[in-house]
Every structure is written in C-alpha cells, then in structure tokens.
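Trainee: The primary structure of each chain is shown beneath.
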Amino acid sequence: MMVIKEDNAQVLRNGLKAYADRGVFRSYSETVKGKGQYEFRFRWLGPVPLCFSCNLQNDTLMFKALLPADDKKSVTDKGLRAFLKKRHATKLPDHRRIDADKLKLSCINRAEGFSIMLKLLPGCDYDYAVGKAVNLVSDIFNGFLKQPENGSYVSEHFGIAGE
Amino acid sequence: MTDKNIASPIKMASAKQDTVVSRRNFLVGGAASTGLAAASLVGASSAAASECKDDDLNVVVPKEVPESRNGKLTPGDFNAKGGITGAEVFAHACKQENLAALFCCPGNYSIINAIAAEGISVYGGRTEGAMAAAADAFSRVTGEVTACSGTEGPGFTQMLMEVSSAHACRTPLLVLASNMLLSMEDSYNSIQFQLQQPMTEGIKKWGKRILVPNRVHEYAAYAFRNLKSGVPAPVHLDFPGEVANAKYTDPSELTNYYGKEKYRSESIPHPSDKEIDAVVSMIKRADRPMIVAGQGVFYKKAWEALKTVAEKNDIAVVETGPSRGHFPDSHPLSAGTANDALGSVDLVIFVGQYLMPTMSDFSFGPDARAIRIHPEAEDLGRNWPLDLGIVSDEKVFLELLADALPKRTRSTWTAELAAAREAFEKTNEQYVKLAAKYSRDTGVIHPGMIGKELADFMYHGDIPREQTVFTVGSYTGSMWMRRFMRTHRPGQLINGPYQYYAIGPDFGYTIGAGAAVQQGVGPQAAYKGAPVITFTGDAGAGYSIMEMETLMKYRIPAIVVVYNNNSWGIWGLADKTPRAKHLYLFQENVRYDVVAQGLGARGEYVTTPEAFRKALKTAYALAAKEGVSTLINCQSAKEFSNAGDFPPGVPLPVQPGVGAYTH
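Protein sequences appear in the order of chains L and P. So the first sequence is numbered by the numbering used here: it starts at 1 and just counts up by one. So the second sequence is numbered by the numbering used here: it starts at 164 and just counts up by one.
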C-alpha cells in the first residue's frame, strides 16, 4: 500500500494559497475529495473558474478541462501537445523550463475539454511541481493561445477581440 | 448580376494597372500652411512632383481659407460696443488655459467663432465625428488639451463614437456643443433639441449643460480643473443660446470671474519616502523587473525620467496606451517586441497605466509581483491585484525613484530580452517571406508586405526614423502593422482603435496628428511640417474618407494607406452561415484612390509591393514639398486573413508590447 505523505498536501496547499493571498487566484476554494485527493477551484485566467486537482496517491496534478474541447485531429490538439513538449526545451531559461526529469506533462482531450496532467517523477518535490503547474497554465493562455494557428479556436471559444 | 460579374478578386486585381497616378493641379504654394519646413527633412526624390499635371478636375482651395486663417484676431472685450458675449468669455478662458486646437463643423456657432477670434488654432472638417477624432489625435501626439465641437443635435450625436474612443484612451478632450435656447427646452421648437448630458454618461470625466448664463466662466473653470488634473478624460459642456449669447459689460456681472491660478491648483501627489524605499526594496529583490509605461508617462512628459530609471538599474520597459514612443523600441531595455520574455518578469511596475488590464489581457506570469503608480487612489487595485499601490504623479515618482535606485546591471535579464526581441524579428522575417510569396502568387498585396514596405520607408530609408508620425487603424490589417511599426521618440505612433476599437476614425486621426506636426506642437516641434502616414482599412475608409478634402483644404501633408481587402475584417465569421456572408462583403476593387482625387487629393492604386514602394516615395515627396496628401489604395484580398489557406492568417498580438491594442 502506497504511503501518502500528508506533508505534501500542506506544501501543495501553501503553494496555491500563496497565489490566492496575493490576489492572483480569486474566489479560491479547496475540497477534500478522498484520501490524498484534493480539488482546488479559483478564478484566474479565462472566463470560467479553473479546477486544479491533486492525487497524492499517484503523485499527479491536473488542471481539469482547462480549455474547451476540440477535435482530436485538430490543429489545437496537435499544437497543444507540441507546446507541452517544448516546455522541456533546454534553450528556455531555468525559470521558464520544466525539468523533464522531474515532471511528465500530458494532455487529455475529452468531451469536457482539454485537461493538463503533470506526473511527479521520483525526486520531484511538490513545491516545484505546483509552481511549474501554475506557470504552465499561464504559458498556455499567454503563449499557446496567442499563436496565430489557434486564432479560429480562440475566436470560437473565447469570443472575438475587438467586438 | 451574372456569375461572370462576380469575379475572383485576386485574378481581377492582378489584371489591373499597377499604379495609377492622379493628374492633379495642386496649386503649388497656394496655401498659407503648406508643410514647406518638411522639405529640408526629406531625402525623397523631387522629380516625383512633375507627375502632377493639369487635368479636367478643378478642385481648388478658395483664397478665403488661407486669408481667414491669417485674419485679424477679434477677441471679446468688456469695453467693446455691447460688451462681451458668454461665448467670448468662455473662449477667453480657453485661451488663458492654452487650449491647443479646436476641430469642428459649423454649429455651436457663437462658441466656435469666439474661439477662432481668440487666435486658437481651429480646423473645420466634413463630419463632427471625424473632427472629434482629429482633436483626440492632436492630444495623443502632443499631450495637450484639445477641443471638438458640433451643433446641439446631429452634430453632437455624430461625435459620440469618437468621444467614447477618447474616453477609453483617457484623452483630455473638451467636447463642446449646443445652439438651442433654454427658453424653448422640451418644446421641440424649431429644430435639433437634444438632452446631451445623459448621452455622454459613462464616456466623460465631467459634464454640464450650463443653465445659468452668468456662470459661464465658472463652468469653464470646472472644465479645465477636470481636464488638467488627475487622470484626464473627455469633459463635455453644452451651451444653450442664452449662455453663449448673453452680454456683459463688466466682470462683476459674472460669477467667480478670476484667473486659473485661483480656480485650480498645480499641486500633484507625491509618494512618501517610505513608499519609495518599499519600491527600491522590491526592485532589489527582483531579478527580472519590468516597467509598464502607460499614457500617464506621456501626458506627464516623464519620458526622460523613465529612461533614467530604466538605465540606472537595467529595468526593462514596455509601452502601452493609445499613443506610443515615450520609450523607444530601439532601446536595449525595450520589451516592446520581447514577447517571449513577458512570462519571465518577476516584478511589474505599472506607471501611468490609466486603463488597467485584467490578468487575462497582459501576458505576465503568476509569480510577477505588482506595483502600480497612479495619480488617483480610487483606481488602485482595480482588475490587477497589487503588492504595492502608490498614489503619485508619474513624473515625480520616476524622478524620485531615479534618485533612490542604486546602479545595477542585470546581464542575464538583458540577454533574455535581447533573445526575445531577436525571436520576434525572426518570426517577422518568416512572415515577410510568406507575405512576399502570397503577393507574387495572387497579384495583390498581402498586408505583411504593406507593413514591411512602410517600415523600410520610415525607419530604414532616406528619412530619419524619428521623423514620421504613424497612425495604425483597421482591424485585421492593424494586427500586421503593429508587428512592423516602431517608435523612436515620444508621440510618434497613434494606436488608433485603442481599447474601444472604433473602426473608421482614421482619416480624422490623420488630420489631428498632421495638424500637430504641421504646427510643431510639443514633442512634434523637431519634426514640424513633416508628413504623417496613416494605415486604415477599406471598412475604415467608408466612415471618414471625406476628410481627405479637409487634409487638402489645410494642406496638412499626409499619406493614407488603405488596405483594401474587399470586406470587413471579420468576414470569416460568416463562414458557417452562408446567408449572412454578404453582410460582411463590399464590392470588389473599390477605387478609394479615385474618391480621393475627386476630393482634391492625390490617389494611387497599387497591386504589388514594388508599386506600393514607388507610390509611397512619390507621395511622401509631394506631401513634404507641397503639402499634397495622397491616398494609396493597396489592393489586397480578404482571403489573406484565412489561416488555413494563407498561414498565419492574422497574427495574434501579445500584450503588452508593440501588438497591444486592448490596454
């Protein structure tokens, strides 16, 4: 049976709460979903609340339905997966790069939307993981969605700028 | 119409003549305000002027125009026969407050005539809306208070779109209107009754329908107090007939009739020593700080202090706002094109960002601490959570910070900024290659090539890169232009549709910016008389193209580039609704250049980048030497904004930075 380190829950909680205390996350809440499972909801980027879940049993973090769903063969699907891969690029400065030896990133495209999952690899601490997870979401909204090939997707799901 | 009449715009355009130079007689030297001073600034060919010859049109500026502009000043006087009118009292207050210019159409006659009689620069155009835009633009490139005016009903309502736009820009715009009599209020006697003040609710800082005639000076004081303190925004006064036409023979007949030294203060908020210490402390702890320099830096003329702060501590600077240039894009600390570096910022200092973005608007990361400097406490903390908020005048804050900051270099941070700028330019190079190919393949001009040619002409050609004031208009086209346009000194670029995104005022902006440069007001002094250039779309042209006539009437040297893609920029929205598509389309290959010729200006029609380059050079030479304005109709195609067929379609802007338009 896997041992759940409750300390990690506190590290996670502290990491997210710090953003809430600074006002970055608004309308912040935490729910215990089960043993070692937590869900945090808050408003930050985009028009709807974000849902961030953590499962300490398998060391995974997830932003559930972060972006509206799109076809599995869509430009957005392909582009988002490529974007996640580039987060590990060595040419990125340390403060922007996600260490591939510490976190494995993946994207799940289901009917409810694109979810982003971060799997903590051995040796990765939760403090690092939470910070990188939150910054990853920022990069998705401010970088990925600003790429011109996502213009139609953004228009369709987030409204048209200038109108 | 048969199918064969509905031609592909691309094929049809490619068959057209590359360049059509209008054959106009321009009455060389015939106007008092020709931009002759610009001739010495220009390296462009003088041979181009020979292309203007006599023709069958006879659009001329009547001699009364230059005569009237140099006519005798006749300000009101208590000792004059019959006394001074209310309008003259108000105009006198405007003169004492150094009102920079008035842009109007006839209407509100007593007021506009009295302002002209005081010797304040006045311009009369074809629509009140475009004139309000002109006034807005004049402020945006000079920082000065400017006025617009229209008659009580139609003239006033014509201005509303542009007043809204000026409000979003926080422009110190004095909006004047009226003509009707209070004694006939609500009666609908005669024509034009309009309750104005409720209509400017939400788009003004302060407003008043003056009801008591002898309080006219007192309300002028109210107006200028609001225009010249705190955060500026439009102020709206309407003058019923009894107010404008009342007569006074002695100052004692007016309420609170005293000078500006008594009715307003130049006092400005200063930060405390403790607050400056807190800022310095946060900057010391930061590795990658960035200042967001908003319109407050421009309006408070704080660009030198900003530069000192940035250079002293290697703090990056990114500009925002309705006009740009208060921190040059060419500076090594500029983050104007350093999009990739925005997410690295760990301390953002908003200075004079009057219209605060939400965290979704600007691309800073969640770890960036935030400081905001703002002249009014009420707005601190709105939209963006603050780690420190300080009420202060922008210039005072920057000067005090410059004194308090230790010297420091941040080589890692400046290297990251440089790499980000380089990445931006590399992307631009790739876009230009694509745009050139698309232009060759289709026979019409891709907007990327318009941007490239304009940038080459203004920043890398024969004229100094600081010289030309440029206005970015249009919607999809503007996304391309912003990637190429750069600023090198204050007041050099008008971000036309900033925030409110009105499509159409661009010809009005051209008049205001052109008039400011023609007069050499404020930061435009060194470039007095130089031509201005505007980029607009065919949709925008529909709203204000008549103002080409106004440009010619005043010999304001300008070039207006019309990106003609035969449609509203957002035509793609109708793709899934076949029955709606026609709503978004125009006739193809409309000749805006010919319209310009009919209005007394020059017009050129071009379909290739090479022809555009040549047309631009010719137009600039004529504008600089003879005050002749040209409309260059760049035939393009709506399909270029389709990312599927012509990637990247429309490049999406990252904000803040050169692409910014919402905040």
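Source of the hints: derived by calculation from the structure; they are not laboratory data. Mixed in with the good hints there might be a few duds.
Claimed, not checked - Here are some chain L residues pointing at chain P (derived, C-beta under 7 Å):
(1) A18
(2) P93
(3) R96
(4) N135
(5) S138
(6) K146
(7) G151
(8) Y153
Stated by the list, open to error - Mimicking EDC-like on lysine to aspartate or glutamate, the simulated pairs with C-alpha atoms at most 20 Å apart in a straight line are:
(9) K739/P - D7/L
(10) K744/P - D71/L
(11) K91/L - D524/P
(12) K146/L - D450/P
(13) K146/L - D524/P
(14) K600/P - D71/L
(15) K146/L - E585/P
(16) K91/L - D450/P
(17) K86/L - E585/P
(18) K739/P - E149/L
(19) K17/L - D530/P
(20) K17/L - D550/P
(21) K17/L - D509/P
(22) K739/P - E30/L
(23) K73/L - D808/P
(24) K596/P - E149/L
(25) K78/L - D808/P
(26) K600/P - D625/P
(27) K91/L - E585/P
(28) K589/P - E149/L
(29) K146/L - E348/P
(30) K146/L - E592/P
All C-beta atoms, glycine included, are put in the ideal place defined by N, C-alpha and C.
Trainee: When the hints from earlier in the document are held up against this structure, which numbers fail?
Mentor: 1, 8, 9, 10, 11, 12, 14, 22, 26 and 29
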